[in-house]
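Here is how the chains run, residue by residue.
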Amino acid sequence: METINTLINLFPYALMGSVLAGIICSFLGVFVVSQRAVFFGASLTQVSIAGVAFAFLHLVNLEGLAGSVFLTKIIGASFLHEFEHTFFSLLFSLIAVLIFSQSYRQRLITRDGLLGIIFVLAIALRIMFIQKSPVAEISEIEAIMKGDILFIGANEFYTMLVVLFIVFLIFGIFSRQLKFVTFDAETALAHGVNSRFWLLFFYLTVGVGISLTTRFVGDVFTFAYLILPSSTGLLLGKKVIHVFIIAVIVGAVIPPISIWLAFILDFSSGPAAVVLSFLVFISVYGIKKFAG
Amino acid sequence: MPEDLIKLSGVSIGYKNKVIHSNINLNIGENDFIGLVGPNGSGKTTFLRTLLGTLKPLSGTIEKNNVRFGYVPQRDTVQPLLPYSVLDVVMMGRYSLKGVLGKINKDDEATAEESLKRVGIFSLRFMNYNSLSGGQRQRTLIARALAVNPNVLILDEPTNGMDTPSHYSLINLIEELHDTNKLTVLFVSHLLSDVANLVKEIILFEKDNFQIGYTDEILSEENLSKTYSAQIKISRIGSEFLITSKHPGSHGDN
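First to last, the protein sequences are chains H and D. Counting along the first sequence from 1, when you hit position 276 you're at 276 in our numbering, and nothing is skipped either side. Counting along the second sequence from 1, when you hit position 251 you're at 251 in our numbering, and nothing is skipped either side.
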């Protein structure tokens, strides 16, 4: 109990933020996994980090531009400091989603092939950007990639709260379009539902979610929570709504427990959250496999 | 006199700069029953997509007179990971009629349930789509197409990969939907005997050509053998066509 109180006092935003990040990723993960686009999630986390690495080159003074537009006093200097990284992380991700969404227009390369190219290119660019960074901020970039949930502060927490609200709103309001185009895009199009537009719209929403959570909690946590809770939900859920609920519960509950365990056992919280989520998944899988 | 629902005038179909078929002139009327046959890659799907409006014709015009399509895709293209119920799937047929923000109401639910009854799987409505047999899945997809309240039903290889009882049961259902509900039906199949025994008119797609006409006119051994680059034999058992391919070395050739 003392440990929990200490954690709440020291890292209140990290605890609450880990819940939000878990919910966002696991909710979006149901979409990603059900679309058989797991590699999309992996690629986008790397693209997002490449965007952050690009920001460290300071080729464009977006921080100053944003300060003049948004009024530094209202937004806060720390937000503006983060703005450039977040902006490029989002920009890179959205460009990657747009490229990916056009893959149906050509038959020269498979969807997986395209995602693989995006994946390796993002990693290569990230390394090159870091090498050319004019200031010694490599440790900061590495910290982002390491994915320590404990870095979540007030700005990150409120940003994720807004993202979660928008994601729930979009997926809730347009749930019919979501169902139809993800179930059978060809027939949706034949019946007058513009499945190309809607799929792009949903992928862009997922892209924003993945990009921001990667930026705040790292690629390992983000990718793992896209895949593991939704896969657990798919194993257990008898209805579509059950899949979402189970995924979100797993995504929400495991990260704060992981922080507590990581604190006690002296591990990094990000990898601990991944391993714990995997243990939940493998337990469910084992029970389903051997107990019917 | 049945009214023309769709009129194709000088239509060319294909992708970007590649014309697959050109100068297609065809009138599709109320309660027509048309079979689309031809070898793989001969342009059947391209034609269907152009007709449905998901692919623009490269040239020519397609006039549609109060047409509402119900489309049944190839079953294998629909393999969801999420556990949708049969009713969930059929309700999707209503979505396209509701606009972007329209809500599903009791009438929509009643229409979906009625569609399930028409294809004989109302009792399966709460079952998981993934747990159904091939025939039941196909009936679900047909029910979804009927939930649109279509006047033109398009089926893309609906009996592919089915066992014999399911196959004939589905053929009977399609025939019944055409006869009883007065639907215009376009039916793509690789099984020539099915098409020959079911439809009144045929569009036979070849690699660089197509033929449109009544079944008796189009289905000759010579015509089919040329199209499929194989020896095709047409027999009649009573009023039924039996169309088979003769392979070199088979018993029939000895």
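There could be a bad hint or two in this list.
[Said to hold, decoys possible] Label pairs and their calculated CB-CB ranges: (1) H/I109 with D/N209: 41 to 49 Å; (2) H/T110 with D/I237: 54 to 62 Å; (3) H/I166 with D/T77: 44 to 52 Å; (4) H/Q106 with D/Q231: 57 to 65 Å; (5) H/I123 with D/M127: 51 to 59 Å; (6) H/H242 with D/K182: 20 to 28 Å; (7) D/M127 with H/Y285: 43 to 51 Å.
[Stated by the list, open to error] Here are the simulated DSS-like pairs of lysine-lysine, each with C-alpha atoms no more than 30 Å apart in a straight line: (8) D/K233 with D/K207; (9) D/K226 with H/K179; (10) H/K179 with D/K64; (11) H/K179 with D/K56; (12) H/K238 with D/K103; (13) D/K103 with H/K239; (14) D/K64 with H/K239; (15) D/K98 with H/K239; (16) H/K238 with D/K207; (17) D/K106 with D/K182; (18) D/K7 with D/K233; (19) D/K182 with D/K226; (20) D/K106 with D/K56; (21) H/K179 with D/K233.
Calculated from the structure, these hints are not laboratory results. Glycine is no exception: its CB is placed at the ideal position from the N, C-alpha and C atoms.
Comparing the hints with the structure gives:
no.: 1; hint: H/I109 with D/N209: 41 to 49 Å; result: 32 Å, violated
no.: 2; hint: H/T110 with D/I237: 54 to 62 Å; result: 46 Å, violated
no.: 3; hint: H/I166 with D/T77: 44 to 52 Å; result: 32 Å, violated
no.: 4; hint: H/Q106 with D/Q231: 57 to 65 Å; result: 38 Å, violated
no.: 5; hint: H/I123 with D/M127: 51 to 59 Å; result: 45 Å, violated
no.: 6; hint: H/H242 with D/K182: 20 to 28 Å; result: 41 Å, violated
no.: 7; hint: D/M127 with H/Y285: 43 to 51 Å; result: 24 Å, violated
no.: 8; hint: D/K233 with D/K207; result: 21 Å, holds
no.: 9; hint: D/K226 with H/K179; result: 44 Å, violated
no.: 10; hint: H/K179 with D/K64; result: 28 Å, holds
no.: 11; hint: H/K179 with D/K56; result: 26 Å, holds
no.: 12; hint: H/K238 with D/K103; result: 24 Å, holds
no.: 13; hint: D/K103 with H/K239; result: 21 Å, holds
no.: 14; hint: D/K64 with H/K239; result: 39 Å, violated
no.: 15; hint: D/K98 with H/K239; result: 23 Å, holds
no.: 16; hint: H/K238 with D/K207; result: 46 Å, violated
no.: 17; hint: D/K106 with D/K182; result: 26 Å, holds
no.: 18; hint: D/K7 with D/K233; result: 34 Å, violated
no.: 19; hint: D/K182 with D/K226; result: 34 Å, violated
no.: 20; hint: D/K106 with D/K56; result: 36 Å, violated
no.: 21; hint: H/K179 with D/K233; result: 46 Å, violated
Of the numbered hints listed earlier, those contradicted by the structure are 1, 2, 3, 4, 5, 6, 7, 9, 14, 16, 18, 19, 20, 21.
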